[in-house]
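Trainee: Listed in order, the protein sequences are those of chains A and B.
Using my numbering, the first residue of the first sequence is number 1, and each one after it goes up by one.
Using my numbering, the first residue of the second sequence is number 1, and each one after it goes up by one.
Derived by calculation from the structure, the hints in this document are not laboratory data.
Beta carbons: idealized from backbone N, C-alpha and C, even for Gly.
Careful, some of the hints might be misleading.
As the list claims (entries may be wrong) - Rough simulated footprint, nothing fancy, chain A against chain B, three-plus residues with beta-carbon under 8 Å: (1) 6-16; (2) 55-61; (3) 113-119; (4) 147-157; (5) 210-224.
As the list claims (entries may be wrong) - Partner residues are not named here, just some residues of chain B that face chain A (Cβ under 8 Å, in silico): (6) 22; (7) 40; (8) 171.
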Amino acid sequence: MNEPLHRQLGLRDDEHERIVATLGRQPNRAELAMYAVMWSEHCSYKSSKIHLQTLPTEGPAVLVGPGQDAGAVDIGDGDAVVFKMESHSHPSAIEPYQGAATGVGGIVRDIISMGARPVALLDPLMFGPLTEPRNRWLFEGVVAGIGGYGNCIGVPTVGGEIRFAEAHSSNPCVNVMCVGLAKADELVTAQSLTPHVGSLMVLYGAATGRDGIGGVSVLASATLDEGAEASRPSVQIGDPFAEKLLIEASLELIRGGLLEGLQDLGGAGITCALSESAARAGMGAEVDLDAVPLRAADMEPFEILTSESQERMLAIVHPDQLGDVRALCARWGLQTAVIATLVDGGILTIRRGGEIVAEVPARSLADDGPTYDRPRAEPARADAADPALTPFDGDLSDALLTVLAAPGIASKRWVWRQYDRVVQGNTVAGPESDGAVIRVPGTLKGVVVSSDGKGRFGRLDPYLGAAHAVAEAARNVAVTGARPLAITNCLNFGNPERPEVMWQFAESIRGMRDACEGLGTPVTGGNVSFYNESGDSAIDPTPVIGMLGALPDYRLRVQSSFPQAGLAIYLCGETAAELGGSEFAEAVLGETGGMPPALDLARERALIDLLVAAAEEAVLASAHDCGDGGLAVALAECAIGGGHGFAITLPTDLPAHIALFSESAARAIVSVAPVDEGRFRALASTHGVPVARIGETGGPRTVIDGAIDLTVTALTDVWELAIPRLLGEAV
Amino acid sequence: MSQPRIGVVTFPGSLDDGDALRAVSTMGGEGVALWHADHELRDVDAVILPGGFSYGDYLRCGAIAARAPIMAEVAGFASRGGPVLGICNGFQILCEAGLLPGALIRNRSLRFVCDDVWLRIETAQTCVTNGLTPGETIEIPVKHGEGQWVATADQLERVEGEGLVVFRYSARDGRLEDAYNPNGATNHVAGIRNDAGNVVGLMPHPEHAVDPDVGPTGGQSLFASLLATALAEVGA
Numbered sequence: 001m002n003e004p005l006h007r008q009l010g011l012r013d014d015e016h017e018r019i020v021a022t023l024g025r026q027p028n029r030a031e032l033a034m035y036a037v038m039w040s041e042h043c044s045y046k047s048s049k050i051h052l053q054t055l056p057t058e059g060p061a062v063l064v065g066p067g068q069d070a071g072a073v074d075i076g077d078g079d080a081v082v083f084k085m086e087s088h089s090h091p092s093a094i095e096p097y098q099g100a101a102t103g104v105g106g107i108v109r110d111i112i113s114m115g116a117r118p119v120a121l122l123d124p125l126m127f128g129p130l131t132e133p134r135n136r137w138l139f140e141g142v143v144a145g146i147g148g149y150g151n152c153i154g155v156p157t158v159g160g161e162i163r164f165a166e167a168h169s170s171n172p173c174v175n176v177m178c179v180g181l182a183k184a185d186e187l188v189t190a191q192s193l194t195p196h197v198g199s200l201m202v203l204y205g206a207a208t209g210r211d212g213i214g215g216v217s218v219l220a221s222a223t224l225d226e227g228a229e230a231s232r233p234s235v236q237i238g239d240p241f242a243e244k245l246l247i248e249a250s251l252e253l254i255r256g257g258l259l260e261g262l263q264d265l266g267g268a269g270i271t272c273a274l275s276e277s278a279a280r281a282g283m284g285a286e287v288d289l290d291a292v293p294l295r296a297a298d299m300e301p302f303e304i305l306t307s308e309s310q311e312r313m314l315a316i317v318h319p320d321q322l323g324d325v326r327a328l329c330a331r332w333g334l335q336t337a338v339i340a341t342l343v344d345g346g347i348l349t350i351r352r353g354g355e356i357v358a359e360v361p362a363r364s365l366a367d368d369g370p371t372y373d374r375p376r377a378e379p380a381r382a383d384a385a386d387p388a389l390t391p392f393d394g395d396l397s398d399a400l401l402t403v404l405a406a407p408g409i410a411s412k413r414w415v416w417r418q419y420d421r422v423v424q425g426n427t428v429a430g431p432e433s434d435g436a437v438i439r440v441p442g443t444l445k446g447v448v449v450s451s452d453g454k455g456r457f458g459r460l461d462p463y464l465g466a467a468h469a470v471a472e473a474a475r476n477v478a479v480t481g482a483r484p485l486a487i488t489n490c491l492n493f494g495n496p497e498r499p500e501v502m503w504q505f506a507e508s509i510r511g512m513r514d515a516c517e518g519l520g521t522p523v524t525g526g527n528v529s530f531y532n533e534s535g536d537s538a539i540d541p542t543p544v545i546g547m548l549g550a551l552p553d554y555r556l557r558v559q560s561s562f563p564q565a566g567l568a569i570y571l572c573g574e575t576a577a578e579l580g581g582s583e584f585a586e587a588v589l590g591e592t593g594g595m596p597p598a599l600d601l602a603r604e605r606a607l608i609d610l611l612v613a614a615a616e617e618a619v620l621a622s623a624h625d626c627g628d629g630g631l632a633v634a635l636a637e638c639a640i641g642g643g644h645g646f647a648i649t650l651p652t653d654l655p656a657h658i659a660l661f662s663e664s665a666a667r668a669i670v671s672v673a674p675v676d677e678g679r680f681r682a683l684a685s686t687h688g689v690p691v692a693r694i695g696e697t698g699g700p701r702t703v704i705d706g707a708i709d710l711t712v713t714a715l716t717d718v719w720e721l722a723i724p725r726l727l728g729e730a731v
Numbered sequence: 001m002s003q004p005r006i007g008v009v010t011f012p013g014s015l016d017d018g019d020a021l022r023a024v025s026t027m028g029g030e031g032v033a034l035w036h037a038d039h040e041l042r043d044v045d046a047v048i049l050p051g052g053f054s055y056g057d058y059l060r061c062g063a064i065a066a067r068a069p070i071m072a073e074v075a076g077f078a079s080r081g082g083p084v085l086g087i088c089n090g091f092q093i094l095c096e097a098g099l100l101p102g103a104l105i106r107n108r109s110l111r112f113v114c115d116d117v118w119l120r121i122e123t124a125q126t127c128v129t130n131g132l133t134p135g136e137t138i139e140i141p142v143k144h145g146e147g148q149w150v151a152t153a154d155q156l157e158r159v160e161g162e163g164l165v166v167f168r169y170s171a172r173d174g175r176l177e178d179a180y181n182p183n184g185a186t187n188h189v190a191g192i193r194n195d196a197g198n199v200v201g202l203m204p205h206p207e208h209a210v211d212p213d214v215g216p217t218g219g220q221s222l223f224a225s226l227l228a229t230a231l232a233e234v235g236a
């Protein structure tokens with residue numbers, strides 16, 4: 001390998017020149033390694049930053065916006081919800097169990113470092129078809145890794161979603177979202193704590209080893225090509241037991257007022273934590289690498305500085321409080337090491353064995369990385385044929401069974417049965433609900449979360465794909481009765497150096513911006529995951545949206561499925577002939593072209609207002625998003641979940657297959673007790689939402705007049721067993 | 001009238017300790033937090049070893065916790081007839097400590113399982129079932145990766161022969177079938193007791209089954225029995 005070192009580490013020639021100009025000399029190996037990780041795409045957002053800056057980030061409920069470890073939202077009475085989503089896709093593609101497990105660990109530490117207790121996890125996942133053995137290995141490994149880590153740290157996994165597409169065969173996407181709770185005045189932010197010159201930087205938690213070196217630069221910021229297996233040493237190994245101890249110790253340190261700053265160690269390890277902490281404080285630091293507890297004594301300085309060993313935190317501690325900090329950590333069995341002292345001047349001076357091994361301005365690492373306005377080019381549209389124009393004369397009952405068995409639609413029970421959903425005792429509604437509901441201890445309030453991505457729509461139109469993801473996430477929160485408040489996101493894309501991918505990214509950001517503005521849900525942070533491609537196969541542009549909402553009283557939450565017989569069923573919203581990117585088009589017609597459904601944000605907002613108002617007045621017996629798979633699937637899920645059938649008449653003049661499977665936006669299925677129907681219709685009229693009474697709940701069969709007649713049992717069987725069957729565990 | 005004091009031990013890696021304390025107070029008792037490294041039980045009337053992954057379940061589930069300082073006190077308390085309930089990891093700890101027979105190994109599926117299950121009550125001769133009737137069923141969640149109870153042939157003969165099985169996984173109507181056994185446990189065993197009935201361990205989580213807003217309610221009767229037993233201790 002005759003490449004210059006900076007290229008081997010993932011730095012471009014012009015980036016190397018910039019480092020030389022900053023330092024006024026050639027960087028040594030350790031310094032180069034530090035810049036390589038900090039200026040990596042993963043850490044510096046160099047390709048995405050100029051686009052992310054266009055997103056709306058302010059709103060009455062936002063306490064902490066982008067730029068911190070996680071966003072925070074005010075839910076009243078001094079209670080704050082902290083939330084963030086991240087990807088761990090590249091590690092998971094190489095080592096699914098550890099890749100997914102350490103993804104959970106990393107996002108949990110982001111929440112802790114804000115001073116919040118982690119109370120819920122959600123996992124949006126994307127895989128290639130389960131008919132391929134390798135995809136089954138990835139799928140089973142990722143699920144086991146999420147469970148193996150999450151179950152062991154006492155944070156319930158309450159939701160997420162799983163989608164399948166061929167492009168994910170070589171690029172599985174593993175996104176992880178964590179939600180935490182704190183008192184607003186206890187949040188740890190750059191503003192809330194003030195480090196002093198002379199304060200100490202205390203590394204606590206696990207020792208530093210050779211695992212995960214260059215994870216952000218080698219793994220996360222390049223495409224996975226042939227020979228990716230060789231980068232397995234760049235995948236970190238998780239120890240959830242240590243993480244559980246870190247959670248408890250960190251929260252006690254914060255509540256005890258013992259800290260002047262706190263940062264997790266994730267991507268780029270000690271380099272990132274040191275440089276960001278010092279830069280935020282407007283200071284530099286004298287760093288002694290000899291003090292870092294190591295797993296291998298002969299580690300080189302660059303290895304210590306860039307190791308991504310898990311379960312470590314960096315606290316800034318006043319010297320007077322060091323004794324208390326050490327005692328508290330010792331009580332939880334955690335080792336502590338004073339590795340640095342804050343100094344005036346902004347320079348990180350790093351020593352090993354008394355010798356200076358690196359000397360760089362903290363800000364140049366943390367804040368002054370390059371930003372790029374990469375070229376964008378709209379790709380040629382592959383297939384414009386509108387599937388709604390394809391004649392269909394097949395059997396509609398068979399079509400419904402086919403769509404219900406599509407793995408993206410089918411029950412994910414096989415997955416979430418492996419997750420502890422109940423620990424902490426506050427899970428009011430888990431993965432079976434459109435939006436998971438977590439109650440806030442000591443109050444009647446509920447936090448509602450959903451995560452949604454629309455890769456199939458994104459492929460056809462990235463602007464609409466992103467906007468639909470926001471709208472669907474908001475709807476999933478609103479059907480529980482909660483008002484959507486704000487989002488986090490994880491933006492999954494291909495190689496940003498390709499103009500087509502950069503165009504998709506810019507369009508997605510534009511769609512997300514418009515939808516967030518239209519629905520009043522600002523962006524509080526997120527994560528960008530580029531380079532999800534290998535060879536000529538890039539993933540569909542898939543921004544995954546994590547939506548947060550709040551219920552004033554969790555007892556008013558509305559369930560997703562039909563709770564009893566004898567209820568009136570209403571379809572809220574209007575159905576158009578929109579089959580582009582639909583489950584039906586792909587699973588039944590075998591067509592993947594056309595355009596996604598239109599999106600009218602005013603209608604979305606009106607529907608959300610209606611759902612929230614109706615829940616407040618307790619007139620809804622159930623409410624379910626009508627999205628993936630259309631009306632037929634939404635009705636089937638309501639029947640399966642509640643065990644009650646229905647009889648309905650289709651409300652439109654559209655051909656039956658379009659009325660049943662169109663994925664038009666701004667719709668929901670609600671059930672209403674007869675006594676509440678008048679009030680519900682009045683509310684719908686007030687909010688300008690067209691509603692149609694399409695039938696009633698009850699009985700063992702699901703009957704759609706003239707189109708479908710199946711038993712609830714038959715639907716349940718197909719829907720529940722589809723994934724076990726693909727895994728060879730059911731017949 | 002005084003409230004029974006129910007101690008809940010926190011080991012490093014305990015996860016459901018807070019949930020057990022909350023269940024105690026929901027059911028009218030006073031929860032008392034106990035610490036693994038301490039040598040005192042703070043005058044509690046009953047002890048709960050909660051669920052979780054003590055010491056990461058490294059080595060074997062419960063093996064390290066069984067040797068924690070406080071376990072000597074728990075063993076002494078149990079030998080004097082004090083009520084002790086081990087839930088999930090707590091059950092594993094009681095087996096590792098030799099206070100209950102048998103062992104818990106990986107689920108037959110080799111996967112973690114979290115689900116609501118039905119349990120058939122086998123005996124009322126324990127500190128947590130004395131308010132129930134044998135044959136009745138209760139609904140409680142399980143969540144574990146290593147919950148398959150196994151025993152040697154001799155142990156099994158004694159456990160079955162002397163009526164030490166307290167709970168079996170069953171259908172809602174009490175039928176025993178493999179489909180209702182979430183982990184492949186021998187003879188569908190979900191929980192057992194010691195000879196005196198004052199020490200009980202079970203894999204399901206009754207502390208997650210006392211509040212109808214967040215789950216089933218099958219744990220209420222078990223906590224009611226435990227609190228009544230503990231209250232009798234106060235009176236004794």
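Trainee: Checking against the hints above, which ones are violated?
Mentor: 4, 7 and 8
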